[in-house]
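Undergrad: What follows is the residue order along each chain.
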Amino acid sequence: MLKLCNINAGYGKLGVLWNVSLEVNEGKFVALLGPNGVGKTTALRTISGIVTPSQGEIWFMGKKISGLPVQQITRLGISYVTDDGCLFSGMTVMENLLMGAYTIKDKQKVKNSLEKVFELFPRLAERKKQFAGSMSGGERKMLAIARGLMLEPKLMLVDEPSLGLAPKLVLDVFKTLKELTTIGVTVLLVEQNVNTTLKIVDSGYVLEQGSIVEEGSSQELRENDHIKKTYMGIA
Amino acid sequence: MLLKTEGVEKRFGGLVAVKDVSITVNKGEIFGLIGPNGAGKTTFLNCISGFYKPEKGKITFKEQEITGLSPTQLCHKGIARTFQIVRSFPKLSALDNVKVAVVYGGKQHKNPEKHAKELMDFVGFNAAKDVLADNLNTMQLKRLELARALATNSELLLLDEVAAGLTPSELPDFIDLIRRIRDSGVTIICIEHVMKFIMGVCDRIAVLNFGAKIAEGAVEEILNNPEVMKAYLGEENVH
Amino acid sequence: MISEKSLETGFVKNLKHNLGNFGLSPVAIGLFVLLGFAPYLIGDEYILRLLVISLLFGTLAMGFDLSAGYIDVANWGYAGLMGLGAYTSALLLTNLGISPWIGTLAGAFMAAIFGLLIGVLTLKMDGMFAAILAWFIGLILMALTTSLTGLTRGALGLNVDLYFNTGWSKPYFYVIFVICIVTYIVLRRVTNSNLGLAFSALGQDAEAARTCGVDPMKYKVINFTISCFVAGLCGGFYAHFMGILTPDIMSTKHTVEVLVIAYIGGRRSIWGPLLAAFLVVPVFEYLNFLMEFKYVIYGLLLILVMIFYPGGIAHFYNYIVGIFNEKKRKLTGPESNPFA
Amino acid sequence: MKKFTKLGSIFLVMLLVVTLFASGCGQKSSSDGDSKVLTVGVDLPLTGPSAKAGQEFKDTVTMAFDEVGNKIGDYNVKLVWIDDGADPQKGTSAYEQAVVRDKIDVGILNWNSSVAVALMETVAKYQIPHYFGMGAAGTINEKWASDPKYHYWINKGWAMPDKMTQAYVDVVSQAIEKGQWSPRNKKLAIYGDDTDWGRSYGASMKKRFTDAGWQVVNEEYTKLGETDMYPLIAKMKSLDVSLVAGTISSPPSIAAFIKQSREQNLKALMISDALGETAGFYSLTGNASDYILDNRPVFTTDKALKFAADFKAKYGYDPSPAAGGQVYDYTRFFIKCANETLKEHGKLDKETLFKFSQEKLMTGQITFTDGVVIPEYKFDKTSAPDPVVGEKNYIFPVVQYFEGKATVVWPDAQKVGDLKIPDYAK
Amino acid sequence: MDSTVISDLLVGGILRGGMYVLMAMGLSLVFGVMRIPNFAHGEFYMLGAYFSYFACTLGGFPPAIAIVLAGIGGFVCGALMEKVTFYPLRKRSRGDWIMNSFLVTAGLSFILQNLAQALVGTDFKGVPQYWGGSINFAGLSVSTDRIVGFLIAMASVAIFWLFLKKTRTGNAIRAVSEHETGAMLMGIELNKIHTLTFALSSMLAAIAGAALLSIIPAYPTMGLQPLYKSWFVVILVGLGNIQATIIGGFLVGVIEAVSSFSLGAMWQDVVSLSIIILVLLVKPTGLFGKKMKV
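Residue numbers (the working numbering), protein chains in the order written: chain A, 1 to 235; chain B, 236 to 474; chain C, 475 to 814; chain D, 815 to 1240; chain E, 1241 to 1534.
For the record, the hints were derived by calculation from the structure and aren't laboratory data.
Pulled from the structure, derived: some chain B residues nowhere near chain C, Cβ distances all over 12 angstroms:
| id | residue |
| --- | --- |
| 1 | Leu237 |
| 2 | Gly242 |
| 3 | Arg246 |
| 4 | Lys254 |
| 5 | Ile258 |
| 6 | Thr259 |
| 7 | Asn272 |
| 8 | Gly292 |
| 9 | Thr373 |
| 10 | Phe445 |
| 11 | Ile449 |
| 12 | Leu458 |
A partial selection of chain A residues facing chain E, derived with a Cβ cut-off under 10 angstroms:
| id | residue |
| --- | --- |
| 13 | Val70 |
| 14 | Tyr80 |
| 15 | Thr82 |
| 16 | Met99 |
| 17 | Tyr102 |
| 18 | Met150 |
In silico lysine to aspartate or glutamate, EDC-like type, Cα no more than 16 angstroms apart, as pairs:
| id | chain 1 | residue 1 | chain 2 | residue 2 |
| --- | --- | --- | --- | --- |
| 19 | D | Lys1234 | D | Glu991 |
| 20 | B | Lys431 | B | Asp411 |
| 21 | D | Lys939 | C | Glu519 |
| 22 | B | Lys326 | C | Asp679 |
| 23 | D | Lys1126 | E | Asp1363 |
| 24 | B | Lys293 | B | Asp255 |
| 25 | E | Lys1365 | D | Asp1132 |
| 26 | E | Lys1523 | C | Asp600 |
| 27 | B | Lys288 | C | Glu681 |
| 28 | D | Lys1051 | E | Asp1242 |
| 29 | D | Lys939 | C | Asp635 |
| 30 | D | Lys904 | C | Glu759 |
| 31 | D | Lys904 | C | Glu731 |
| 32 | B | Lys342 | C | Asp689 |
| 33 | B | Lys312 | C | Asp689 |
| 34 | B | Lys288 | B | Glu244 |
Even glycine gets a Cβ: it sits at the ideal position worked out from N, Cα and C.
The whole structure should be built from the sequences, with the hints applied where relevant.
TA: Now the structure itself:
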C-alpha cells in the first residue's frame, strides 16, 4: 500500500534520513521504532509531503506521491497525526473535527464520521464546545487522532501518541489505534516506547541514526537480541 | 561541587514542565540528563542557562547563587551552552562566529583571532575558517558551536543533544572530542538520546520523567533501574 | 590568489590592511577621491545639487542600514529623528543664535539621546514590534512639532539660515561630502570591529548571541543610538541646506524613501545603500517628466526587487564575485576549494 | 536552471532601467531652431497632496498662453512645468533642473508657502526673476525683507492673510450695527487646518475679531485631511459660540466640517474662508453650505463668466476663482509685463525681466486692470511683496453661499444682497 | 462637561470607531493568516470610495448597490494583487518574509495611489449625500448617512465574523492563521486561502471607503489616515488577534474623540499614540495579544 524506496531526506543542509526503504501493507498496524532524534518524525513528514525527499521515491496505492504538495497527499487519503497535534487551539473541538473533514464535501458522510469518532472518543463528545487550547494533554492527543480520522483516511501516520501521556492513557490510545485497523484503516505508528508498541503492532521497523537497522514482525523484533539489548535494557 | 540545583520548578501556564528537580554536578565530570521526549530536559537546561526564570528553587554555581541571571551574565560567570537545533550566525564567517564568543565571553584576549583559530583546531573544525556559517554542514556547525561555547572560557558546558543528527560513523570521533573537552578542565552536562553516546561519555546520569527527577546515579545503575525502564519503554503489561 | 598576496610588499600590505580597517578598499578610495573633485569636474549646478541630495540620502540610508541590516530592527521612526535633529539645530540658531555648525552637532546628539531612549524602551521587543513602536514615536514627534506652535511655528514653517550666505551647491557639497565620508568610515569601522560582530550576532540569532556573552540590550541600544545620531546629523544638514523646515519632513513617506534606498542597496553592507542612493536618486529625478508614472515605476521596481532580488545591490555584487571565484577555483583545480 | 532564472530577472530589471533612460533621452532632445525663445518655468505641485491645485494651474496657464498664440512679440514661449510635489526638497531639485537643463529665463507662480521659501534661495542664486508666487504665508515676507537678493522672488500673487481678514470683521460689525443680526453673545470659535495657511488665517482672524470686541473662546486646528469633526463641533456647541471663523484648505475636511456642523446643529454663523476655492464644493457639501460666509474672488463680470465657461468647455471642469481665475489673471499680467519689457529693452531675458520688475512693477507704474477677479492688480514698495490691498485694488468681496451660489454681500460697491442670518444663529 | 457633550462624544467616538473596526479587521486578518504587515490597506479603502463614486454617478446605482459593487471591486482587486505579488514572493521567499512583504505592500501603495491620480485625476470625487437627512434622539442629532454607514460597517463585521465562524471556508482561514502546517495536513490549499484572505481584507477596506463616500470624498491619497488608524488599533489589541480589533476600534475611536475634545484636535494623535505606547511597554503583545515571535 505504502512503499518508500531508498529515501534520503532532511532540512536544508541537515540530512536526517539515509537510504530508508519500508513497506506498509493494507490493514496492517506497523510501527517505526527507535530512540529520539533518529529521524522517525522526519520519515512521517516526508511521507506526508511536508519534507520533500532529496532522493528516492514514495508510492502510495500504486501512485507516486513523492514531490506532491501536502494538500494533495492528504486528499489521497493519508492522514498525519503529528506529535504536537497541530491543533487549532483557538478553535473548538467541534471546529477542529470539522476541519479534519475539510476535504469531504458530502455532509452526510461528515456526519457519519463525526458519530463514529464520538463513539470512539466519548470524551470529545462531552467537550464539543471547548477550545482545543484549553484541553489537557491526553484530550489533545485524542482530538488529534479523532481529527485525523475525520478525513476517512486509508492510511494514518501517527507520531508518538504516548508523548507526555500518563501510561494508563497511552494504553487507551494504543487500543484505539488497534481498533482502527480492524475497521480497515492502515496505521503507521512512530514510537520510542518499544515494549508497549511491540506488543500491539503487527510488524515494525527500527530506525537508528537515520537508517533502518532491523525489520520484521513484532514477534521477531521482540526476540531480536540487538533490540533487547539496546531498547529493553535486557543485556 | 560545581553546580547545584535545589527544588527547581518551571511552569508554563497550568503545565508544570519541571517539577522540584535537584541535582549536583561535580567539577570535572560529564553529567548526563536523559528522559523520554517532553520530560522537561531542555526546559531544565534553559533554567540553568538563564533562558527561563524558574518559579521556585535555587541554582548555585561555584557556591554562588545564580538563579534568575540572564544568559549573558551566566556566560560571563562561566556557563556556556549549545542548542538542540544548531544555532550559528549564518551571515558571519565561521571564524567570526567563534570570535564573537572570544571577544564577549568575559575574558580579554590579546589576539582574539588567534585564540578563536586555536579553539577551532581543537574541536577539529575542518573547513576553511572564512566560510560563511550558512554554507557549513551539520557536523561542521556542531563543531563550530562547541568551539564557540568553549570560547567563552566556560567552566561548565551545557550540551543539548549534540549527538543528534550525526551518522553512526561520525559518533566515535565526537565522543572522543567531548572527552577531550572534559580533559581540558571543563565540566559538562549533556542531554542526550543516543544511548551509545550516553554510555560512552557520561560519568553519572539523572533521569527526568514528566518534569520530575526519577533517578540519579552511575550509568549502569540507572539503566537497570525498573522505574527508568518503565518510563522509557512503557508498561510491561499490555493486553 | 595566495601567490598574489605573497608578492605584495610589506608596506603595501600594511597600508592596505590599515585602510581596510576603515572600510576603505582601493576602489572605494578611488571613487571617493573622484567624488571629491566632482564640483570641479562638473560644471552643471543641477547635477551637483543632485549629488548633494544623493549624498544626503546615501548617508541617511547608511545610518538606517546600521540598525536594519545589523541588528535587524527597521527604524520606521527614522524620519522623525532626522526631523528632530533638523529642528534642534534650527531652533538653537533662531532662538539662541548658536552657530549652525554647533547646532548640527547638537541636533545629532539630540537625536542620539532620543534614539537611546527609544532603544531602551523598544528593543526588548521583537523586531517587528520595535519597528512599529519606533514608528509611533516618530509620529508623536511629528505631531508634537506640529502642535507646539509656540516653539516650532508648527505648520507655518521655520525659516532657517543657511550654513553659507549663498545658495550655490559647492560648499554644501563639501559639507555633506565630509559628513558622508566620516559616516562611511565610522560605520565601516564600527561594523568591521568587535562591536559590529556583536551587532551581527544579535541580529542573526539573539539567543545564541546571549550565550556568547553579548548583552543584547547594551549593544542594541548602542547601535540604535549611532544610527539615530546619523539621522540627526543629516537632519541638521537638511535644515541649513534647504532653509525651511516644516513638520512634513518627519512624515513616514520620508522614512520609506530612505528604507527603499537602503533595501535596494542591500542590507548589512553599508556601502550598498550609499551606492544605491547614487542610482536611485538621480534616476528618479531624471524621470520627473513622467509625473505620477514615476512613482508607479518606483513601486514596480520596489516590488520586482523584493520578489526577485531581496538581497539588493550588495548581494548582487557578492553573487558576481561568487561566480568569479567559482570559475577561478575550477581553473586552479579542486585542491584550493575551501569547502573540500 | 536556477542560476539562469536569477540572471534572467536581473536582466529584466536592467532592461527596465535602460528603457527608462532611453525614453527619458527621447523626451529631452527637442531643441529649438534659430527663432527667439522665452522659456518660462511654471512652478506648481502636480504630484503630492496639492496636486489638485497644480492641475488647475497647469490648465489655466496653458489656456492663457494659448490665447496669445504662445508668443510674446517675436519670441516663442516655451513652457516648462516644474513639479514641486508640494515638498521643499523636491521643489528645489525640480527648479534647479529647470534652470540648468531647460534654461528657463523666468519663473512664474507657485502654490505652497514652504516651497516658496525654499525656492527663494534658488531664484536668488541664479538671479532668475520669479513672478507672482501664490504662497501667502508671512514666512515669505520675512525672508523677502531680510535680504535684497530675495527680491528676485518678484512679489507674491496673494496678500498675507492678515491683510484680508478685516473684511469679515467689517461685514459682521456692519450687520450688527444695522440691526440685521443681534448675536446672543459675542463668543467666537476659530478653527482651521493645521497648515501654514490655516494657522496664519486663524491667528489673524483671532486678532482682528478680538480688536472688534469679540471673545475668542476656542482656537483649534485639525490635521490636514481630518474628516471627523464631531469632537470639535461638540466643543463649539458646549461653549455656545455664535460665530465660527476659520479656513480649511483640504476639500474633504472642509466639506466634513460644514456638513457635520449642520448634522450636529451648531448654532452659529459660519465663516469658512477659501471654501469657494474648492471648485464644485457644493457637490460635496450640498445645502449644508447655505449661509456660509467666504471672502473669495468670484466670477461676476462678463469677462469672468466667459473665462469660466471657456475653461469648462476646454477642460471639462469648473475653474475655481483662486486657483483658476487669479492664476489666469496673473499669467496674463505676466504676459503683459513681458510685452512691456520687450518694448522697453528690445529683448527678453532674465536681466531685462528683472530690471523691468524693479523699475516698473514695484513702483506701481504697471498695473493690471484686465483681470477676471480683481479690479486692479498693483504692487508698490510699501506693500511689497504683497499686492496693494484696498477697495479699488486687491480685495476680495465677502460672499454668502446659497445652494452653492455665491452672493456678494460686501463691499457695498459690489454687493448684490444683504447678509442673511440663519435662524439657528439668531 | 454636561451629559449631552458626553453623549455627543461617545456617539462620535463610536461612529468613528465602527470604521476603524472594519479597516483594522482586514489588516489584522492579513497579518494573522499571511504574516504581511500591509501598508497598502488604505489604498483599498481608496479604491472602494472610487468604485462607489463611479457606480453612483456613472452607473446611476442606488447607494446600497454601489457599496456592494465597491466591495466586490475591492475583492477582485485584492485577489489580483495577491496573485501577482505575494504569491510569487512566497514561492521565492527565503527568510525575512515580514520585511520583504512589507516593502512589497509599500510598492503596491505607491502604484495604486499614483495610478489613481494619473487615471482619475486629483479631483475630489464625492456625493453630497447617500440618503440624506438626520436622525434625532435624546438631544443628539446624527446624519442618516453616518448611522447607515455605521450600520453597514457593523453588518459587514457581523457577516464576516459569521463567515469565519460558521462556514467551512471561513473555518479554514482561521485554521491557517492558527496553525499553518496543521491546516496543510487537513488538505487545505494554502494558496487559495491566502488569495481569499487578501481579497476579503481588501473587500472590507473597500466597503469602509464606499460607505463613507458621502462623508469623505474620494481622492488618491485618502487612504493614509485610515491606514494609520487601523495600525493603531491592531497594535493596541495585539497583532493578528481578529476578535479583539472590534473592541480596539471602538476604544481608539472614543479615545480620539475625547482627547480631541479636551485637549484640542491636534493632540489626538499624540494622546492615542502615547496610550498605545504605554500599553505596549506594560504588555508588549498588546491588550489582548498572544505571544508571537515576529
